[in-house]
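In our numbering, the protein residues as written are 5 to 310.
Some hints here could point you the wrong way.
Claimed, not checked - Derived Cβ-Cβ restraints for the label pairs, each shown as a range:
1. I234 <-> Y123: 14 to 20 Å
2. S121 <-> D55: 34 to 40 Å
3. Y123 <-> D55: 21 to 27 Å
4. Y129 <-> G257: 26 to 32 Å
5. D76 <-> D55: 19 to 25 Å
6. I174 <-> K56: 36 to 42 Å
7. P162 <-> Y129: 21 to 27 Å
8. Y282 <-> R154: 19 to 25 Å
9. E170 <-> G95: 18 to 24 Å
Keep in mind that the hints were calculated from the coordinates and are not lab data. If you're wondering where the values come from, they're calculated on a predicted model, not measured in any experiment. Just so it is clear, CB atoms sit at the ideal spot from N, CA and C, and this is done for glycine as well.
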Amino acid sequence: MRSKTITDTVLMIRPKNFGYNPETAENNSFQSAEGADQIDYIKQSALDEFDKMVKTLKDHDIDVIVYEDTEDPIKYDSIFPNNWFTTHNSGHIITYPMNAVSRRQERREDIVEELTSTYEYKKRYGFEYLEEEEFFLEGTGSMILDRDNRIVYACLSPRTHIKALEKFCILANYRKHIFHAYDQSDQLIYHTNVMMAIGVDFCIICLDSITDPEERNDLVDQLESHGKAIIEISHEQMNQFAGNMLQVRSKLGKPYLLMSQAAFDSLHIDQIDMIHGYTKTLAIPIPTIEKYGGGSVRCMLAEIYS
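The task is simple: from the sequences and hints, build the whole structure.
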């Protein structure tokens, strides 16, 4: 039986106005404002990187659904659709409450309706109402889903509230495993998916970011109890987006671990060898998107399940 953890179809949003968003930078330390005034250059560079990424995925027989961003309203972060919706083998599509007000307009009913029709989702659930209470949960940025074992891993932060997470778990029939993770400035890491990635039988994780020994040991025990080999990365590698990876499969069933070129270049040979023991790797250069968006390859991919 094929694992439910990885999909062969991803959705991407081709941006119209990609750029540095000062609102999201308030709790995303991965963003840089250096040169952010070069608006046209940044927009074009991001488009070029996006198009090359789509071509690379298709060249490796990975199905990609591409939607064009709308011109109005202006959305700096539409290139990261995994934060506002998820799809599930159970026949559900779920939309999420977003921390940044400027990002809430990324949610698009036309996309939800078309996906629902194409993949015959039986039910759509929306957690947007939680924004009024400031309970945020930004999709698979906030949550790392072990779909085979129905466990959601999440580091709590301003973008990941335990109340919203509990509502997801009740709805989707998942068990939660929560912890706290910090960057080198002792700030909470904004999204779980920059410090942790789960594949079918491995987990890439920055354990050093979990400063509480009990939380760290409990997480390792949980992962290993479900057959996940631990591949550790450092804070410095995490800062190069080595935690922001996604395992998918091609139409022929070949598994690939998708990552940025910066993430791959940060890895040591022994880490690469360990990863290659479980999956092929596919590295894609997206330096502009990483610098100004503060997200990487995984953030650009919304998984499609049916």
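Going down the list of hints, with the structure as the test:
no. : hint                      : verdict
1   : I234 <-> Y123: 14 to 20 Å : violated, 34 Å
2   : S121 <-> D55: 34 to 40 Å  : violated, 27 Å
3   : Y123 <-> D55: 21 to 27 Å  : holds, 25 Å
4   : Y129 <-> G257: 26 to 32 Å : holds, 30 Å
5   : D76 <-> D55: 19 to 25 Å   : holds, 22 Å
6   : I174 <-> K56: 36 to 42 Å  : holds, 41 Å
7   : P162 <-> Y129: 21 to 27 Å : holds, 23 Å
8   : Y282 <-> R154: 19 to 25 Å : holds, 21 Å
9   : E170 <-> G95: 18 to 24 Å  : holds, 22 Å
Violated hints, listed in ascending order, are 1 and 2; each of the other numbered hints is respected by the structure.
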